[in-house]
Every structure is written in C-alpha cells, then in structure tokens.
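J.: Following the hints, put chain B in place on chain A, whose structure we already have.
These protein sequence lines map, in sequence, to chains A and B.
One rule links them: number in my numbering = place in the first sequence (from 1) + 294.
One rule links them: number in my numbering = place in the second sequence (from 1) + 294.
Heads up, some of the hints might be wrong.
As the list claims (entries may be wrong) - Computed footprint of chain B on chain A, listed as stretches where at least three residues anywhere in the stretch have a Cβ under 8 Å from a Cβ of chain B: (1) 299 to 309; (2) 412 to 418; (3) 445 to 456.
Claimed, not checked - Ranges between beta-carbon positions, derived for each pair: (4) A:ALA402 with B:HIS469: 51 to 61 Å; (5) B:ALA402 with A:GLY459: 53 to 63 Å; (6) A:ARG328 with B:ALA402: 46 to 56 Å.
Claimed, not checked - Negatives, chain B to chain A, calculated, CB over 12 Å: (7) ASN296; (8) ASP317; (9) ARG328; (10) GLY340; (11) LEU392; (12) GLY412; (13) ALA442; (14) GLY459; (15) ALA552; (16) LYS553; (17) ASP582.
No lab work stands behind these hints: they were computed from the structure.
Glycine included, every Cβ here is placed at the ideal spot set by N, Cα and C.
Protein chains: 2
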Amino acid sequence: MNPDLAFAVWSGERAQRVANVLDAALPAADAAPRALHEAMRYAVLGGGKRVRALLAYAGGELAQADPAHADAPAAAVELIHAYSLVHDDLPCMDDDVLRRGKPTCHVAFGEATALLAGDALQSLAFAVLAGNARGDARDQVALLAIAAGSRGMAGGQAIDLAHVGIALDQAGLEHMHGLKTGALIRAAVRLGAHCGRPMTADESGALDRYATAIGLAFQVVDDVLDVEGTAQSLGKTAGKDAQQNKPTYVSVLGLARAKAHIATLRAQAHDALAGFGSAGRRLGEIADWIALRKH
Amino acid sequence: MNPDLAFAVWSGERAQRVANVLDAALPAADAAPRALHEAMRYAVLGGGKRVRALLAYAGGELAQADPAHADAPAAAVELIHAYSLVHDDLPCMDDDVLRRGKPTCHVAFGEATALLAGDALQSLAFAVLAGNARGDARDQVALLAIAAGSRGMAGGQAIDLAHVGIALDQAGLEHMHGLKTGALIRAAVRLGAHCGRPMTADESGALDRYATAIGLAFQVVDDVLDVEGTAQSLGKTAGKDAQQNKPTYVSVLGLARAKAHIATLRAQAHDALAGFGSAGRRLGEIADWIALRKH
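Bound-form chain A, shown alone (with noise of 0.2 Å):
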C-alpha cells in the first residue's frame, strides 16, 4: 500500500475508534436533562479531524502501547478541544455561527445550553481520563488539568483575546498559540506515550519538541488556509480572523513566509522524531498530514 493511503486508512480507523468511544462516554441523546445531553453530543460527535485523538493513539505506538490503552486519553483530549470550541464559539468570545459546516452549538440550542455543555463535557474529559488511565491517573489528570488551564489552553485564549486589534510579533504569536492550541496537542502525545513503555528524559523532551512544532505548524496553516480557503472547504467562515483584526502568521510574516515556515516546522518535527527510528513513523506521517493538508 502506499505510505499516504496507508495512513488514510490508519486515521480513519482510529478517527473511528474514538468516536465510538465518545459515542460510549457521553450521555445518551434521551437521558435528563436531554438539551445538555443533545448539545453535548452535538458538540463531540459528527466531524472534526481529531487531530489530538489521532496523537494521542500514534503517541501511545510509539510507546508500543495497545490501542485500547490509549481509548481514554485520546477521547479524554477530543473532549476539552470539543468544550474549548463551544465556549470560543459564544458571543462573548469570536462570536462565531458556522462550525464543520453547522450551526455552531449557541446557535443551535442557545447562549445557556452552550455554555453548560461546555462546561459538562470539560468535566467529562477527567471522568474519562480518571475512570480508565493505565498507569498513573494522577500524573495524567494533572498533566491534562494543567495544558487546558490558565497556564495552558485557556491562558491562550485569554491572551488572544487581549489582542485583538493590537499587534504581536513572531514571538509573542508564538507563545500565544504555545498555549492556545499547543499545550493541548503536546498533553495528547505526552498522554499517548504515557500508556506504553516509560520514557527517558531525553525521550520526552524530543516528544514535546515534535508537539510543539506541529501544534505551531497546525496554526500557520490555519492562517494560511483562512486567507486561501474557503467557509465550503474549511466548514467555517473564512477570512474570520481577518475581519476581527486578529493577528496572525500570515499577517505577520506574509503569505510566502509563512509557507515557508510550515516547511521549518515540518522539518524540526521530523527531526525531533529521529531518535525513534520507525516507532516515530505514524507521528511523522501526522506532521506531515497537518503540514500539506488543504482544509
């Protein structure tokens, strides 16, 4: 089989897996009280690239861990990203309505419904992690608690939205989205791992130098497809960030420059792999999926 088709089959069995495994973990659809239930289902099912979910299994290969062991960090991941996406969504924040090409989750059950199922399915993502962690649950929950909070996932949001309108170098983007979108996608390999095999120090510092370049990689494209892209190919509204005065990669290195930096980030991801030899397979090929992909 050729390596593309070969991973195609690959993430599109464990973007499966995983869906069946937040099909499993959250409350059916007809449980009290059935609007949280709906808009929480609505949020986590039916579409997105579970791109956490798919490091977090290749994480947990590269350990030589059992897929089923890494059901619970991989669904326990999907779900504080599904939570970040319902609560970015609400008018307070990017206000926004189109989300995989649907009414985003305010829009579809309301202000209130939104917000709580947010909140719900946050607290889902622990029950998940703690109710079925190989290892060491407090480690993990730890770990997870601190990528999505004020000194992770959440810090990066508040920090983007203290700028818009204002503008941030190379640097200061970077550490923005260090933790908006980065701390979340290094705690999914880190996770991942977690279920097989310990890792040496140094074995953990070239992991998080691997996450950190293609969570960085995965934010330029973002920029450069928000500008390239269109609402029908990205299932959102394009050129959003834009309108919103936002800075972004593209409008702070040019479009021609920051192609050229997914190519460096794409590079250093593989390098960061090296040491692995083919156990590193399966997440360079997510490097190289997150750097070519066109929605």
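T.: What follows is chain B alone, placed relative to chain A:
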C-alpha cells in the same frame, strides 16, 4: 467552651486554612495572562462561607484523617463551586451583578475573561485534586468529575434553566437541587472521608443520606432567606428568584411549610450520623449551622 463558639472557632480556622491552600494553588495575580489570573483570584478568594470545604474537612475528621490530607479535596470542591458561580452569574444564565457583596466576575472583568476564568478554575480543581490526592486518585477524580458534570451540578443547572416560569412540584424541585447543589455537597463529604479510614458500604450510604439532607436544607434556607433577607445581609440581590419566576421551596410549599421542612431535613441529617458516634460531631454541627443560618 460553649459548643457554638467551639464550632465558630473550628470553622473559622478551617475556612482560613482552605483560603491559604487556594491562595497557593491559584496563579499569582501578576503572572501572565494577568487579567485571567486576577479574575480567577477575585472569584475564589475574599469571601464565601466555604461550606463545601468545611464538609470535606469534617468528612476527613469523621474518617480520622489528618486535616492536611483533606486540603486538596477541600480546595478542589471550592474551585468547582467558584467556577459554577462565575458561569451562573453570566448574562446568558442568571445575569446577576452582585455576589458576596461585590460586583460579579463578569461585571468586574468582562464576559469573555469571566467565561475563561470559570473554565480555568474547573481545570485547576482537577489539577489540585490529582496533584495532592491521598489514596486512589482515579476514584477521587472520577467522583468529582461526575458530581460536577451533566449528571450532577451542570445537569441541575440545566434543569433549573429549563424551568424558569414552569411549575415544578416538590419532588421536581428536590431532584433539581439534588443535582445543582447536592451533587457537589455529597462529593465534598465523600472526598473528605476518602482521606481517612475506609468506609463500609453502610457508612458510605449514611454519609450520602446526611449530605443529601443538608444539601436540600441549604437550598430551602436559601429560598427562605431570598424572601426574608435583604441584599445587605445576603451579599447578593434579594428577591431575585421570585423576580425571575423560578420555582422555589417558598413558592411550592409556602413560607411556614418551607421552614418546617428545614427542621425535618436537619433531623434527617442527624439521624444519618447516629452510627458514627462522636466522630460525626463536626458534621452534625455543620448541619445545625446550615439549618439555622441567617445569611
């Protein structure tokens, strides 16, 4: 020392103790992102009755745990409670401007920052609990996550929202409050007791009956005070529930029967503690304090 004074000394000491734990667990106000960290500290520090923390410490005493061992659960339940208040006060929820005699978090810091502060406080609760848990972190994190989630606190809030202007009978009201405030109160007692000697199934059942009774008593007292109290003594807008046409114990039972119900629930709480002998003294004192409080 007379018993009331002894309890006042104990509860004051424990409230200060958990405030110190929370102060240390919260990021410094001058750590970036500052607005977010200031909002988190504003929402958590400087007031509140610390009922949930006191219950965790008293649950710990019942199980002969060292007070230091109950610090993590005591702080974690207060963080979950504080996040829920920040989100409940938002314009899309209860739209309240006054809390503990101060402007609510979104009035002081803006809606977006308040939303993120609540989100980050929830994450921090799990970081604190996982980072310092005695015994089985897996069980404790799952217990708190389920109590906070869609089949606990967030679910109760959703039911509450769905019944503005819609009649609820006493059973419906008890179900709603059993989730909205009761789930976290039960978790506080159980997480505290978890820090000490193992409980038998009968003992755990008795603790749950105790916590269920005082959780409901707390709410009935709230409803009575909402009618009889003033904004000054409550530190929040009085008469708000009636204004918003929300069902309350006073609207369902009338004032006299609501007050009688408090006495019944207080007696149920003491009955549930009977088997613990003197080890249950502190929890009994908390039941009295909740039933008899005037603000």
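J.: Run every hint past the structure and note whether it holds.
T.: Going through the hints against the structure:
no.	hint	in the structure
1	299 to 309	violated (count 0)
2	412 to 418	holds (count 6)
3	445 to 456	holds (count 9)
4	A:ALA402 with B:HIS469: 51 to 61 Å	violated, 26 Å
5	B:ALA402 with A:GLY459: 53 to 63 Å	violated, 22 Å
6	A:ARG328 with B:ALA402: 46 to 56 Å	violated, 35 Å
7	ASN296	holds, 42 Å
8	ASP317	holds, 15 Å
9	ARG328	violated, 9 Å
10	GLY340	holds, 18 Å
11	LEU392	holds, 20 Å
12	GLY412	violated, 8 Å
13	ALA442	violated, 4 Å
14	GLY459	holds, 14 Å
15	ALA552	holds, 25 Å
16	LYS553	holds, 30 Å
17	ASP582	holds, 32 Å
In the structure shown, a violation is registered for the earlier hints numbered 1, 4, 5, 6, 9, 12, 13, in ascending order.
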